[in-house]
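Student: Using the hints, put the two standalone chains together into the complex.
So the sequence lines, in the order shown, correspond to chains A and B. Once you know that position 59 of the first sequence is 59 in the working numbering, the rest is easy, because the numbers rise by one and skip nothing. Once you know that position 55 of the second sequence is 55 in the working numbering, the rest is easy, because the numbers rise by one and skip nothing.
Source of the hints: derived by calculation from the structure; they are not laboratory data. Built from N, CA and C at the ideal position, the CB exists for glycine as well. Please note that a few of the clues may not be correct.
Stated by the list, open to error - Partial list, derived from the structure: chain A residues whose beta carbon lies under 8 Å from chain B:
no.: 1; residue: V7
no.: 2; residue: S20
no.: 3; residue: K23
no.: 4; residue: V52
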Amino acid sequence: VLDLSGVEFVDSSGLGAIVSCLKRLGPRGSLAIAGAQGSVQRLFTLTRMDRVFPLHETVDAAVDSLSG
Amino acid sequence: MSAAIQLAVDSDLSHVALVARAVRAICADFLDAEAADAVELSLVEAINNVIKHGYEGKPGKDVGVLVSLQKDRVTIEVVDRALPIEAAVFERSSDPFAFDETNLDDVPEGGMGLALIRMSMDEVEYMSRDGENRLRMTKLIPPRG
Numbered sequence: 001v002l003d004l005s006g007v008e009f010v011d012s013s014g015l016g017a018i019v020s021c022l023k024r025l026g027p028r029g030s031l032a033i034a035g036a037q038g039s040v041q042r043l044f045t046l047t048r049m050d051r052v053f054p055l056h057e058t059v060d061a062a063v064d065s066l067s068g
Numbered sequence: 001m002s003a004a005i006q007l008a009v010d011s012d013l014s015h016v017a018l019v020a021r022a023v024r025a026i027c028a029d030f031l032d033a034e035a036a037d038a039v040e041l042s043l044v045e046a047i048n049n050v051i052k053h054g055y056e057g058k059p060g061k062d063v064g065v066l067v068s069l070q071k072d073r074v075t076i077e078v079v080d081r082a083l084p085i086e087a088a089v090f091e092r093s094s095d096p097f098a099f100d101e102t103n104l105d106d107v108p109e110g111g112m113g114l115a116l117i118r119m120s121m122d123e124v125e126y127m128s129r130d131g132e133n134r135l136r137m138t139k140l141i142p143p144r145g
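Here chain B stands alone, though its shape is the one from the complex (with noise of 0.2 Å):
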């Protein structure tokens, strides 16, 4: 079985829980808790971005988020057409979460939302072409048995 639903949703952090609920639901036949839990908190980290960063917080603006179920995977991909990310930001291989616990100083309070995305999702592409960005995320199913 394969199956695609689209989802929008308005810039504003008020709504990006509730449209995490809906996508976990939708994914719920799909994926065990561990890993809807894993889709739900990239989506969250990934739209928070779009509207923190991409869109400088403001509302009203358009944020789409695609849902695609295969047999072996679930895709969520994130359309918007804000600022996009910088390459260098995206490709950044610093762990955020490598800090030193004795040194207070050291302990992020932020930046952490598209480490947390690499750690739970099993593929992260961005794609930014004539003004829209794409964020795809792949949760892999293990086949059963």
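So that you can see chain A by itself, here it is in the shape it has in the complex (with noise of 0.2 Å):
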């Protein structure tokens, strides 16, 4: 779970990273986002990178999806 909540500006470069740690995972990993707002949620959307990472409000709700 990568918590974003006090992140208020992401760009290419730091969605590109995150999608690199997503890939160092392997095919068995998984990333959830908790935490986003305003342009950084915004950027996950643009970018439909939203489809590859689900967004979560809190930690707790990430963790929960990925425990599910």
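Tutor: Below, the structure is given as structure tokens:
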């Protein structure tokens, strides 16, 4: 789970780094995003990366989604 | 009212966020938060491209940013004397975000900057002449009503 609640800005380099992390986890890994707000949340939806990384309001919700 | 201001920044990736925040502040009275986000992101992407690709990551080179504020639009120009973006790359119409999310290999890790600029701004033009490159990005301001 990646907690972005304290992050105010992400550019495509940051997004690419998050994608790289997911790729390094391999086919059995998954990465959920928690707490993305404002422009950060919009970047995920604009780039359709929200289809790759489920966005959750809280860390707890993100943890639940991965353990389910 | 119209006004213009010019900033210059060294081609160092660690300076990009600072200049983008400065430009955001300059535009603050003209744009709502979402439009300011779009301008900030586009400027970061544009300068990152100049530094990473144009100047091949070398610091100590000049990147100019010209901000022009008009009643109906905010125009941002990024000016450099680096290697120009090839026309084929600039005009490329393929959408990096049309990936297959079920296939991780298909999800892009880079090559998203120009596409993000096009999605975020209303007009994007690129000019390269006499060794000087100029990326002009325009955000239109909807009339109040």
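Student: All the hints need checking, so say for each whether the structure fits it.
Tutor: Do the hints match the structure? See the list:
no. : hint : result
1   : V7   : violated (12 Å)
2   : S20  : holds (5 Å)
3   : K23  : holds (6 Å)
4   : V52  : holds (5 Å)
Hint 1 from the list above is the single one not met by this structure.
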